[in-house]
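Protein chains in written order, with the working numbering: chain C, 2 to 364; chain B, 10 to 190.
Everything labelled a hint here was simulated from the structure, so no lab data went into it.
Note that beta-carbon positions come from the ideal geometry of N, C-alpha and C, so glycine has one too.
Heads up, some of the hints might be wrong.
Some chain B residues judged to face chain C by a derived CB distance under 7 Å, without partners named [stated by the list, open to error]:
1) L55
2) V57
3) L62
4) G63
5) I65
6) I88
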Amino acid sequence: MLDLLQHLALGFSVAFTPENLAYALLGCILGTLIGVLPGIGPVPTIAMLLPLTYILPPTAGLIMLAGIYYGAQYGGSTTAILVALPGETSAVVTVLDGHQMAKNGRAGAALAIAAMGSFFAGCFATLLLAAFAPPLAEVAFKFGPAEYFSLMVLGLVGAVVLASGSLPKAICMILLGLLLGMVGTDVNSGVARFDFGIPELQDGIDFAVVAMGVFGLAEIMNNLAQKENRVDITDKIGALYPNRQELREAAPACIRGTLLGSALGILPGGGAVLSSFASYTLEKKISRQPQRFGKGHPAGLAGPESANNAAAQTSFIPLLTLGIPGNAVMALMVGAMTIHNIQPGPQVMSSHPELFWGQCASM
Amino acid sequence: MQIKNQQDFWSGLMFVAIGLGFVIFSYSYDMGTPSRMGPGYFPFWLAVCMALLGAIVTANSLRGEPAEDSAVGHFDWDILFLIIGSICLYGIMLDHLGLYVATPLLVIFCSLASHEFSLTIAVGNAIFLTVFAWLAFVKGLGLIFPLWPQPIAEWSTLAQITIPLGIVIAVVMLVRRIKGK
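The shape of chain C in the complex, shown without the other chains (with noise of 0.2 Å):
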């Protein structure tokens, strides 16, 4: 517990520098800003963001690509409350009673529960992540090659169970990425691969500019391809605080969505979108007016958001920790580290301590 409490301190010595306060301002900013853009999540959020991290040291790098990640996750539940666009899927189901309370003129209701929500969540699933990731770290330590290789495999056969369509395909992406990892010079012999004569492609391809086309430029083709679905916004937004009903029935609900939400957000590959729909099917199953759910019921806003915030801090500990992304955020924030020339991996704790708590801390 001392311990515990120490690293915070250095984590929030870090955190605290006026500079990195700044860069995570920033951060949120310029999440918040690109979220609120319907269709725009946080995946094409960061893609698009990443390069601007280049100059600065890393520490305040990540910091700041945390601040937007947090920043666009908000963004999108946003739109998902005022316009009914979730900005990924996991604010899919945020569009269910979030719309729906927004539709009843309790708009502003819904934003502050959703917020109230998800700042809980936040601050108890990092205290979880900073109790849990020293002793899990120090397993990872062990590790030799060949528990690195299983543990790349189950990452690798992780992310094929649990994307969502067919098996071959999912297969046939990973398949795609390894041999998009193969441009370059190879390391066993020095040959440059596939590098068609051009010395740029000998480094191999840049993380950021495959996450930029996959994720950046796909999104964006996609939305102007899809004409005029717009939805207008709800034009009041009413009084920003909840009642006292509405308070009474969303924190019990915020309460177990946080609980199943860093439970669920452990897993590789589960992250925020598996935790808030299992959050919204136990508030739905659990609660005494079920047929109130879907048109405005606070707890069905208030326990998959605060479940998918915790989620998206505790899917931190096995990427900080064992160094395996556990969803497509997780995986751009493993390209952040490379680019900054750190290992993800256990040895970020004992190398860069200032770096993890500093990043602990700033959420």
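Assemble the complex: chain C is given as a structure, and chain B must be docked to it using the hints.
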């Protein structure tokens, strides 16, 4: 034979094509043996696996019940061409025309892809983004790249052909777009 699942059919074919492409390319590298792999070994077998799996996906799409809702979405070639084309053109333009000319052109060309194209907004956005790029990359990061156009005589042959061609195509589209209103 009837295609039961359009999406699977085409994505399967795509995987086969990419796999075969990689097979052909990796064949030109030294294979080595399984215990001492050459640079071509790993990509070769990876690509073989991918082509095989792609073939399975394609074969599966021909069997079974017709799947619901499996039509391949309408492919918007205009948008694809405009967005990717302007980005490629930008890559060439930046070196020869410089940041201050290439960036506004990129923004205006890209905005042609939007259904709600408006010249005023496109120009405004172009100015804003150019200023932003100047602030962030030139002032802020101190990156070094050409800012103003270079004399045409110094351009590479590739640029001498593609840049005028690209600009002509884009201007024609722009004029048609404005008249079409």
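Hints versus structure:
no.: 1; hint: L55; verdict: holds, 6 Å
no.: 2; hint: V57; verdict: violated, 10 Å
no.: 3; hint: L62; verdict: holds, 5 Å
no.: 4; hint: G63; verdict: holds, 6 Å
no.: 5; hint: I65; verdict: holds, 5 Å
no.: 6; hint: I88; verdict: holds, 5 Å
Going down the numbered hints, you'll see the structure goes against just number 2.
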